[in-house]
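Colleague: One letter stands for each residue in the lines below.
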Amino acid sequence: MSKFNLLVNGQSHEVDVAPDTPLLWVLRDHLGLVGTKFGCGIGQCGACTIHLDGNPARGCLTPVAAAGASKITTIEGLSPDGTHPLQRAWCELDVAQCGYCQAGQIMSAAALLAQNPRPTDGDIDDAMAGNLCRCATYYRIRAGIHRASDLASSAAEVRK
Amino acid sequence: MNAPALTQMDRRGFLKLATVAGGGFVLGSFVRADTPAGLPTESVEKAGDLFAPNVFLRIASNGAVTIVSARPEVGQGIKTSLPMVVAEELGVDWKDVTVVSGPLDPSFGPQFAGGSVSTPMSYGEMRKMGATARTMLLEAAAQTWSVPASECVAQLGAVRHTPTGRILKYGDLVGKASTLAIPDPGSVVLKDPNSFSLLGTRVGGVDNLKVVTGQALFGIDQKRPSMVYAVYVKSPVWGARALSANVDHVKTLPGVRDAFIVDRTVPAGQITGLVPGVAIIADSTWSAFSARTELKVTWEAGAFPSSSWEGFAGQAREIAAAGADAPKVKETRRDGDIDQAFAAAAKVIEANYSYPFISHANLEPQNCLVEVVGDRADIWAPTQNPSGAQKIAAEVLGVPADHVHVTITRIGGGFGRRLDSDPVAECAALAQKTGLPVKLLWNRTDDLQHDHYRPGGFHFLKGAVDAQGKLSAWRSHHVSFGSNMGADDYPARFVPNYLLLNSSLENGVPQGPWRAPGSNTYAWVTGCFLDELAHAASKDPVEFNLALLGDKDLVSDPGTTGRAYNASRMRNVVRLVAEKAGWGRPMPKGSGMGLGYYFSHQGYIAEVAEVTVSPKGDLRVDRVVAVVDVGSQIVNLSGAENQVQGSIIDGLNAAWRQELDIREGHVVQANFDEYTMLRIPDAPRKIEIHFAKTNYPPTGLGEPALPPLAPAVFNAIFAATGKRVRQLPLSRTDLSWS
Chain A
2 MSKFNLLVNG QSHEVDVAPD TPLLWVLRDH LGLVGTKFGC GIGQCGACTI HLDGNPARGC
62 LTPVAAAGAS KITTIEGLSP DGTHPLQRAW CELDVAQCGY CQAGQIMSAA ALLAQNPRPT
122 DGDIDDAMAG NLCRCATYYR IRAGIHRASD LASSAAEVRK
Chain B
23 MNAPALTQMD RRGFLKLATV AGGGFVLGSF VRADTPAGLP TESVEKAGDL FAPNVFLRIA
83 SNGAVTIVSA RPEVGQGIKT SLPMVVAEEL GVDWKDVTVV SGPLDPSFGP QFAGGSVSTP
143 MSYGEMRKMG ATARTMLLEA AAQTWSVPAS ECVAQLGAVR HTPTGRILKY GDLVGKASTL
203 AIPDPGSVVL KDPNSFSLLG TRVGGVDNLK VVTGQALFGI DQKRPSMVYA VYVKSPVWGA
263 RALSANVDHV KTLPGVRDAF IVDRTVPAGQ ITGLVPGVAI IADSTWSAFS ARTELKVTWE
323 AGAFPSSSWE GFAGQAREIA AAGADAPKVK ETRRDGDIDQ AFAAAAKVIE ANYSYPFISH
383 ANLEPQNCLV EVVGDRADIW APTQNPSGAQ KIAAEVLGVP ADHVHVTITR IGGGFGRRLD
443 SDPVAECAAL AQKTGLPVKL LWNRTDDLQH DHYRPGGFHF LKGAVDAQGK LSAWRSHHVS
503 FGSNMGADDY PARFVPNYLL LNSSLENGVP QGPWRAPGSN TYAWVTGCFL DELAHAASKD
563 PVEFNLALLG DKDLVSDPGT TGRAYNASRM RNVVRLVAEK AGWGRPMPKG SGMGLGYYFS
623 HQGYIAEVAE VTVSPKGDLR VDRVVAVVDV GSQIVNLSGA ENQVQGSIID GLNAAWRQEL
683 DIREGHVVQA NFDEYTMLRI PDAPRKIEIH FAKTNYPPTG LGEPALPPLA PAVFNAIFAA
743 TGKRVRQLPL SRTDLSWS
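So the protein lines, in turn, are chains A and B. Residue 2 is where the first sequence starts when you use the numbering used here, and the numbers rise one by one after that. Residue 23 is where the second sequence starts when you use the numbering used here, and the numbers rise one by one after that.
These aren't lab readings, by the way, just hints derived from the structure by calculation. Check the hints yourself; a few may be wrong.
[As the list claims (entries may be wrong)] Think about it this way: if two alpha-carbon atoms lie no more than 20 angstroms apart in a straight line, the pair counts; the simulated EDC-like pairs of lysine to aspartate or glutamate are: (1) K213(B) x E161(B); (2) K117(B) x D82(A); (3) K117(B) x E93(A); (4) K602(B) x D562(B); (5) K4(A) x D305(B); (6) K484(B) x E554(B); (7) K611(B) x D756(B); (8) K232(B) x D82(A); (9) K708(B) x D126(A); (10) K232(B) x E93(A); (11) K72(A) x D21(A); (12) K708(B) x D21(A); (13) K245(B) x D127(A); (14) K708(B) x D124(A); (15) K492(B) x D357(B); (16) K611(B) x D562(B); (17) K708(B) x D122(A); (18) K232(B) x E77(A); (19) K318(B) x E332(B).
[Said to hold, decoys possible] Away from chain A, derived, C-beta distances all over 10 angstroms, residues of chain B: (20) S172; (21) D194; (22) S217; (23) R224; (24) V225; (25) L231; (26) K638; (27) V690; (28) N693; (29) D695; (30) A705.
Where a beta carbon is used, it is the ideal one built from N, C-alpha and C, also for glycine.
Okay, chain B solo, but in the shape it has when bound:
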């Protein structure tokens, strides 16, 4: 297991003590009065050895502080940042804290990692967890000294009686604190953020030393006694069943234990859980991989055997050409009088933008380890969604969900892919059939050809500016594959005459959330077309966009999501990024600056990219400046900067390099030689990050810094070369100039 995770034994004692200490109290949803099913009820640790006022925290009499990280660590740094929040309120020295990973357990509350919501959902709760314990330790010291608690202060793992200077360490207060009633977490006094000494500083990841010494254990690294190794081969054409396979031959190959066809689909009719395929069970990974090269399968045709990207693109053009009243066109939003506005406009421009399906390409290929004994299953999975993994495994195995125990391992990249649990479903089916612990490992081709992809899309745009150079009309027709722009996606609500049409193509391509879903492409389309309109209006793009953002502070008039858009926060980051980047400074031909800005995942972020394009067309992104408003408090400055740096380079990676082709119902690319990604020589040399703190609750940073990057870079390329690139990936376009 990754990190000193809690063992069942530890955790039983921990939960038991939480109960003993409080005598049957309930603290939020985080303390439970029972013990895990099937475990003995006698206490294994003497009350007083540990102070554990809730399931996230315990202090030992030697002063050691253990904080539980309950959410999956995918590289977003949550295993460091949320425990920092507990430690800050508790008032302990970070070097005295050990962070352990919690297994899936309802007492921890929500445990998924997705949507950049871990910080906004848990920041306040984690503060209360720490503050409750601090309040009780203060009370324990006050009672020990027979003084009012108000005369005591907590600092660096000790309580000090201010008038006399007496000090008691937390470890010495464990026994007394454990006898106190746990206060209502809503009533505890939180620290004044101005007094924070840990939050906002740069703290390295708690598992850094393990990572750099090869000791951090990911899903792929898990082992069980008697474990066997599996590969699971699915039809390249999604969802197709195996009609026959040469399993009898495969079974004779060296190291192979078994080979069989699986002909189930769970959940029925869906292609995102267990789908049909052929399993090979072997005594090592290489035996399984080698045997696979001799496997021959006859597949049925599949539901969409002739899907192709070319075909999709043609259908999209036809739908767009057919007009707003054609079948398959849905009017999602209409404001003002769009026809009248176009007729009265000073200038009207049209442009079509398109982008392909892309893969998550997690560097750790999908994998899982499942052990089934009787009606109990244990799962070790690199999952962003452990309760989803539990649910689908239970469905596959036909056991109640609470018989499925999930250990959340460290994860070699999430990006949304691991919110879906198809590898868990597959592994559960194989483990049940095999009767031994099974480790399932996808190879890179499985991973690229059976991903749940970021959908491609086509946007047909028409915009107008009036005689004053203001954006007066916006007509957008989005043709996609099931998920479309929402009625309040930017720039809806800011343009007086606005029409959004949506259409969806029949496809059969598995799709799923990819880092900043929707926003990761909508920001590019809208941000680039706004830049086109600024130039059409002969306006500076920063001024044009600030004018569009208007003078209202909060733009509500909600559409589908009902989320208000805080225009004043956005104007602030746009102004600041222009200032920090030195916007408007003259640059030689071949160099240019571009602006991108987008609101997503509760973050308001603006970025300016500075690029150089050689006459031969070689692109270099010299510098990116980001101004980030994610509220009042940066939790871990190092982690936050790392997320923004990574989002910027990842955004560049997706926009510049990544592309999947679809032919005859399947993805063409089979490995990283065909699915190319950005490498270190193309990473920007300079990235400057400024956090614009505002008086709003802290929000997450796993996603929102990614969307603004692509429009910033593409608008900079236009400034440098005069070339408008309206198709992703960028690598398809010749940028040479003379």
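Okay, chain A solo, but in the shape it has when bound:
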């Protein structure tokens, strides 16, 4: 066991765990942040997608020892109150079915939009191909990303 200081959603936490413990399980079992999901454990499904310093990462493949001083963001910290454009678009278009993969989908999509505010369908394919949705809500996920892009750009217009 070793002690680690983690910065998660803007708050620092100290955990005492084995250094090879994946961040996924530190978040879920030790910090009680269960929005990040377990699906495969080998980085194939994307259900555990989080951000490390804004970049998408698979929580199941990131040992806690590798997190270092990175800023860790989970679905619980994406916005204070569920008003990130993707969260609004997801509710507006009623994207989810079972909902299990959607935290990972949204985290991957949030990283995409941060880099590329106006993604094409091809950009979405490239950025989202690592996230499985077993209910196959891909049609609405695609629409949801475009809608969030619209919401974000109209908000940007208003700010100007």
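For this one, chain A is given, so just place chain B on it according to the hints.
Modeller: Coordinates of chain B only, in the frame set by chain A:
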């Protein structure tokens, strides 16, 4: 818990008040006159605070409306749609409604989620629940004003006296309504569906905000104080016992509390409940997973140690070649004179279709949380079948079923897998042995290698068309693994000379319902072979299939299921889908359209797929048009469209990508790198859905839109390339052309 579920305290008050309000009445089976066993009998809430005329509904004096969702939410949207039905009849604003999840309790009636039956079973009952309450609120207002109830109307949470315009809000009527006798639910007047203002509109899922903020709690997210974490390792060869294991070493590993062999099978002799294995109990998931990598087990051989897919395929060919009179061949249906029809035919074709076992691959791996205290057990489970979970846990624990309390959590994908409760049985056994609350979590390999699979199958087909280009004979030999085509499965009853032979192979492979069981493969086999026959007859596939569907409205002559086939509903959706898709429009080489249609789960659905195949063989599904007849009323338009969109992509996923290999008695694939599934780049770019409303009771949409997709796509591939693919998954076939 997911959503503001009812606590025992809440629910006691709720049920108690239901009783107080009605003075010992019984409303259908939904109101009970007792209180839950072991709970104090004094009322915890003053009568008048709440109006609760049945267990599904309560209105508070501040106007807040609470509606209970009693069936498991697996992503089919039932937690939103059935409460909408109550709210519509009650006449309240949807934004004033809070939906809570009910625990397993007999007062809610049937609580499973499967077979797309929740809507047909509960739609009428939920209307009565809402209408009963509305009737009583109208009466309460009428009595308050001393006017006839017939002069009052209910709307948006209030009663209005039409002649005077006076208004009383529902919340203000709670006290009075609670004193009224509850009318016979059969006698209450339901709304005219033409006046519906909520049903048929697009309503977002009640837990959407929770889902997108990580607050929706699934089975895997449940916690109890002092909870420990378990893994349960079973033999890759199904059903084999652990002869020995290095549990003494495993117990010394960091974070491990205990490790032990379980050598029971419950129910005895079956492989779908508790089966033997080795448990590791640890203080965190990762400790349990890490310790597992050092576990070494010696397994016995198992009952079917040499089963293989290759072997099954060989046996199937031998059985089919041996002819109709061979042993192991059962004649399931015979109509007309099949031999004479083949002899007289203008054209006869033969084809063999086959498909593999596939997994449900629920994204939330199987899991359960059980706490046993004395002879009481509490279970938190992502189960489609809470009463089945209760029953098997009681059997494992040796306690009466009513000592087992089941909380139904949100579920990360069902698809039929969670109708079986093997993870619950395992977790109950571990919790009893451990004496602490235990959370059991399967890893992905457990999930893929111990699923209850969609069976593979082999179909040996021969068909004939006559000189007029009509289908005149159909001979089918289905070789499967225990479940076979039924005597009235399509196109039985529509072909004058028809023979269905069935055989089953000895196997030992655990099997279970997979979204649209049977139909999910039979639709592909029959839909593609019908397309082959249409081309053999030089007929347009839409015309050929419409001719096959004939001119009768209802084709009964039932076989095994006794269910009539409404040919007029099917002809209607086939004609409409051809029209909406622009059927027959010329397309360049490499592009094509295909038709699929199938009746399942009480739904009549036709789909046309439009595909492009590059000369190199890359497939793109450009567009799918679906025409869906599930009766007179779409409950939640957004949810219904979501189910159809998802079924279409899921159907494509299964047909294109999914395949399990079986060797030496076990499944080979261990994770999603080997068990590949469709991802967003391969999802169709356009999906168009049309609901063809007909004057039949509303039925479910969790399953029936899936079966027509595969034949539509495969027939489109033939139209595009001239290639007939008769083996699933599609990814095995080279589609290149020049």
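Colleague: Now, for every hint given, state plainly whether the structure supports it.
Modeller: Against the structure, the hints:
no.	hint	verdict
1	K213(B) x E161(B)	16 angstroms, holds
2	K117(B) x D82(A)	19 angstroms, holds
3	K117(B) x E93(A)	15 angstroms, holds
4	K602(B) x D562(B)	17 angstroms, holds
5	K4(A) x D305(B)	17 angstroms, holds
6	K484(B) x E554(B)	11 angstroms, holds
7	K611(B) x D756(B)	17 angstroms, holds
8	K232(B) x D82(A)	10 angstroms, holds
9	K708(B) x D126(A)	15 angstroms, holds
10	K232(B) x E93(A)	13 angstroms, holds
11	K72(A) x D21(A)	19 angstroms, holds
12	K708(B) x D21(A)	44 angstroms, violated
13	K245(B) x D127(A)	36 angstroms, violated
14	K708(B) x D124(A)	17 angstroms, holds
15	K492(B) x D357(B)	16 angstroms, holds
16	K611(B) x D562(B)	18 angstroms, holds
17	K708(B) x D122(A)	12 angstroms, holds
18	K232(B) x E77(A)	10 angstroms, holds
19	K318(B) x E332(B)	29 angstroms, violated
20	S172	39 angstroms, holds
21	D194	32 angstroms, holds
22	S217	25 angstroms, holds
23	R224	7 angstroms, violated
24	V225	8 angstroms, violated
25	L231	5 angstroms, violated
26	K638	18 angstroms, holds
27	V690	16 angstroms, holds
28	N693	5 angstroms, violated
29	D695	5 angstroms, violated
30	A705	4 angstroms, violated
Violated hints, in rising order: 12, 13, 19, 23, 24, 25, 28, 29, 30; the structure is consistent with all others.
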